[in-house]
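Visitor: Could you build all of it, start to finish, from the sequences and the hints given here?
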Amino acid sequence: MSDDSEGKFDGVVGEALTNWYSVESALCCIFEFYVTRRSAADGPTVAAEAFWSLEGFGARLRMTEAVVSYAEQDSAAIEEWASLEKRMRRTSAQRNSLAHGSKGLVQSVGKGSRFVLLRRQTAGLHERSNVLEIHDIVRFGENFGELGADLMIYWHRRQGLPGFERFIQEAREHRQANPHLKLRGGRSYTVLIEEAHVLQKDQGEDQD
1126 MSDDSEGKFD
1136 GVVGEALTNW
1146 YSVESALCCI
1156 FEFYVTRRSA
1166 ADGPTVAAEA
1176 FWSLEGFGAR
1186 LRMTEAVVSY
1196 AEQDSAAIEE
1206 WASLEKRMRR
1216 TSAQRNSLAH
1226 GSKGLVQSVG
1236 KGSRFVLLRR
1246 QTAGLHERSN
1256 VLEIHDIVRF
1266 GENFGELGAD
1276 LMIYWHRRQG
1286 LPGFERFIQE
1296 AREHRQANPH
1306 LKLRGGRSYT
1316 VLIEEAHVLQ
1326 KDQGEDQD
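Residue numbers for the sequence shown follow my numbering, so the first one is 1126 and each next one is one higher.
Be a bit skeptical, because a hint or two may be false.
Taking lysine to aspartate or glutamate and the DMTMM-like style, the derived pairs with C-alpha atoms no more than 20 Å apart in a straight line are [said to hold, decoys possible]:
1. 1228 / 1131
2. 1211 / 1149
3. 1211 / 1199
4. 1228 / 1140
5. 1211 / 1190
Label pairs and their computed distance ranges (CB to CB) [claimed, not checked]:
6. 1215 / 1192: 19 to 29 Å
7. 1133 / 1171: 38 to 48 Å
8. 1181 / 1207: 48 to 58 Å
9. 1202 / 1177: 18 to 28 Å
10. 1139 / 1181: 13 to 23 Å
11. 1133 / 1227: 15 to 25 Å
Because the hints were derived from the structure by calculation, they are not lab data. Cβ coordinates follow ideal geometry from the N, Cα and C atoms, glycine included.
Guide: The following block contains the structure:
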């Protein structure tokens, strides 16, 4: 097993965890909007400071759920939020598996060795459900990127501004048409989320 192989494995884990930030960043935008009715593109607010002061994603999600439940009256938005919340809770467990997992080395007869991630160190390699292969980690990362994009679409739609939903859809279609980009799909979504702030700011200036 070469150092290069281990480096690639670590890179895949790191990429997936980087994609997770897109989920928390988008959640912060949603929380900030419901509390202040301002755009994150307008600059940092006290609401954002309060959001990031909480330790742990679970606490941040519960606080955001509280303000959405209090402030949102549109039935379609409430239904959409409920679906997003379920996905966040499910993918949060996936994120925790990556963040707190232990790297292991599997020796396969005739196939060499490969790195994996163990959800729980105490369970070891003999329990299949405890072992995350590299394709599992890639899938988790893609889940994070897609969820982050869908949260940003929700946030953008609640502000009544056009454009970003089509922007994301075109990116998804591009990825589907270029399957060789699959491993980098999550990263592209993360970039799009960062560009959303610029897009919205430009739209706001055009309306002035």
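Visitor: All hints are to be evaluated individually against the structure, with a verdict given for each.
Guide: Taking the hints in turn, this is what the structure says about them:
Between residue 1228 and residue 1131 the CA atoms are separated by roughly 10 Å; this keeps the pair inside 20 Å, and the hint holds. Restraint check for residue 1211 and residue 1149: the C-alpha separation of about 15 Å stays at or below 20 Å, so the hint holds. Proximity of residue 1211 to residue 1199 is assessed by CA-CA distance (about 19 Å); at most 20 Å being required, the pair is judged to hold. Between the alpha carbons of residue 1228 and residue 1140 the distance comes to roughly 16 Å, so the proposed pair stays at or under 20 Å and holds.
At roughly 11 Å between alpha-carbon atoms, residue 1211 and residue 1190 fall within 20 Å of each other, so this suggested pair holds. Restraint check, residue 1215 to residue 1192: a C-beta distance of roughly 22 Å satisfies the suggested window 19 to 29 Å. Remark: the range hint 38 to 48 Å for residue 1133 to residue 1171 is upheld by a beta-carbon distance near 42 Å. Evaluation of the 48 to 58 Å hint for residue 1181 and residue 1207 yields a failure: the beta carbon distance comes to about 21 Å.
At about 24 Å, the CB distance of residue 1202 to residue 1177 agrees with the hint of 18 to 28 Å. Taking 13 to 23 Å as the suggested C-beta distance range, the pair residue 1139 and residue 1181 conforms, at roughly 21 Å. Distance hint check: the CB atoms of residue 1133 and residue 1227 are about 18 Å apart, consistent with the given range 15 to 25 Å.
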